[in-house]
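Protein chains: 2
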Amino acid sequence: MAKSDNKPDINIDPKLDLVLERVVDVPPSKVWKAWTVPEHLMPWFCPKPWQTTECEIDLRPGGKFRTLMRGPAGESFDGTGCYLEVVPERRLTWTSALLPGYRPSAEGLRAMPFTATIILAPEGKGTRYTAIAQHMDEDGCKKHAAMGFTEGWGKALEQLVDYAKAL
Amino acid sequence: MAKSDNKPDINIDPKLDLVLERVVDVPPSKVWKAWTVPEHLMPWFCPKPWQTTECEIDLRPGGKFRTLMRGPAGESFDGTGCYLEVVPERRLTWTSALLPGYRPSAEGLRAMPFTATIILAPEGKGTRYTAIAQHMDEDGCKKHAAMGFTEGWGKALEQLVDYAKAL
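Listed in order, the protein sequences are those of chains X and R.
Quick note: the first sequence uses the working numbering, first residue 1, plus one each step.
Quick note: the second sequence uses the working numbering, first residue 1, plus one each step.
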């Protein structure tokens, strides 16, 4: 029942959602690999000097997406979410509001729950890359923006592209 | 990517989850119809004297499931959730933690968020019916139990069976 097309069918609400759209010069197949294989996700996923030191991916709706990120001063952020949509090389959706197996996540809800969707579309020899973060309220959206969503996800995408070119 | 089989693959945690299992004498096709078509859901969905006066169903992962329930003293409960798994005549999963389109639900999260799964398996001429409600913490589970999950969902199921026999 997953979507087989790639239409921008998400109702974007500018007060609740953050969007990053870029055209990058690696094909969707390599971007997909970088997002869905732990060994290929960890090298680029955090804007440096943060590092992703652990990653678990069970790539199916209801499956686990976990990353452990570590900062230069010893900070760490261990986040576990649940995949919702998996359309190879086209669309990946997960949420921090649910744990794997779809159970509501107490930890995700205490923080700033969001649902993220990565949409990939071929463009020339590259990819039109759209990342969308949907929040439950304006406060969550503002908090995510203040945490540096655009800069952070943008910088991570640059790291992804550098890494994925060698795939 | 939805499950095509019907294995009880949910990790039930007795401290977090509520389960109702019954064998009923209507086939899975009729139980499915009663759960997935608004005009066939409204007659049985609330234990009487409560009534379901409105129902919206967009039967696909990410689609809307909304019911408006009204009590005898004028109380009302308007709940909107999001379908996660739709396997015709076998399995239906939705959550109150997300709105349609997978956005985290502020209203769902303020209340007692839960994910519900209805599993249907043919048994003789009837159906083995399993309803599971998964909660994020023990408090949510206890609250749902105290609200009368077993009695309420059990009584609604009896109403479903009476109604579905005539389908």
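Treat each hint with caution, since some may be false.
Pairs involving identical chains hold if they fit within one copy or between any two copies, as the list cannot separate such chains.
What the hints assert, rightly or not - In silico lysine to aspartate or glutamate, DMTMM-like type, Cα no more than 20 Å apart, as pairs:
hint: 1; residue 1: K142; residue 2: D58
hint: 2; residue 1: K143; residue 2: E85
hint: 3; residue 1: K165; residue 2: D78
hint: 4; residue 1: K64; residue 2: D9
hint: 5; residue 1: K64; residue 2: D137
hint: 6; residue 1: K64; residue 2: E85
hint: 7; residue 1: K165; residue 2: D58
hint: 8; residue 1: K143; residue 2: E107
hint: 9; residue 1: K33; residue 2: E138
These are computed hints drawn from the structure, not numbers from a lab.
Hints and how they fare:
When the C-alpha separation of K142 and D58 is checked against a cutoff of 20 Å, the pair qualifies neither within a copy, at 30 Å, nor between copies, at 31 Å. Taking CA atoms no more than 20 Å apart as the test, K143 paired with E85 passes in neither setting, with 25 Å inside one copy and 31 Å between copies. Taking the shortest Cα distances, K165 and D78 never come within 20 Å of each other, neither inside one copy (28 Å) nor across copies (50 Å). In this assembly of identical chains, K64 and D9 lie within 20 Å of each other by CA distance solely across copies; the values are 14 Å between and 24 Å within a copy.
For a Cα distance limit of 20 Å, the shortest separation of K64 from D137 across copies, 19 Å, qualifies, whereas the shortest one inside one copy, 25 Å, does not. In the homo-oligomer, the alpha carbons of K64 and E85 lie at most 20 Å apart both inside one protomer (12 Å) and across protomers (16 Å), since each shortest distance falls under that limit. For the homomeric pair K165 and D58, neither the shortest alpha-carbon distance inside one copy (24 Å) nor that between copies (41 Å) is at most 20 Å. In the homo-oligomer, the alpha carbons of K143 and E107 lie at most 20 Å apart both inside one protomer (17 Å) and across protomers (19 Å), since each shortest distance falls under that limit.
For the identical chains of this complex, K33 and E138 are neighbours neither inside a copy (33 Å) nor across copies (38 Å), given an alpha-carbon limit of 20 Å.
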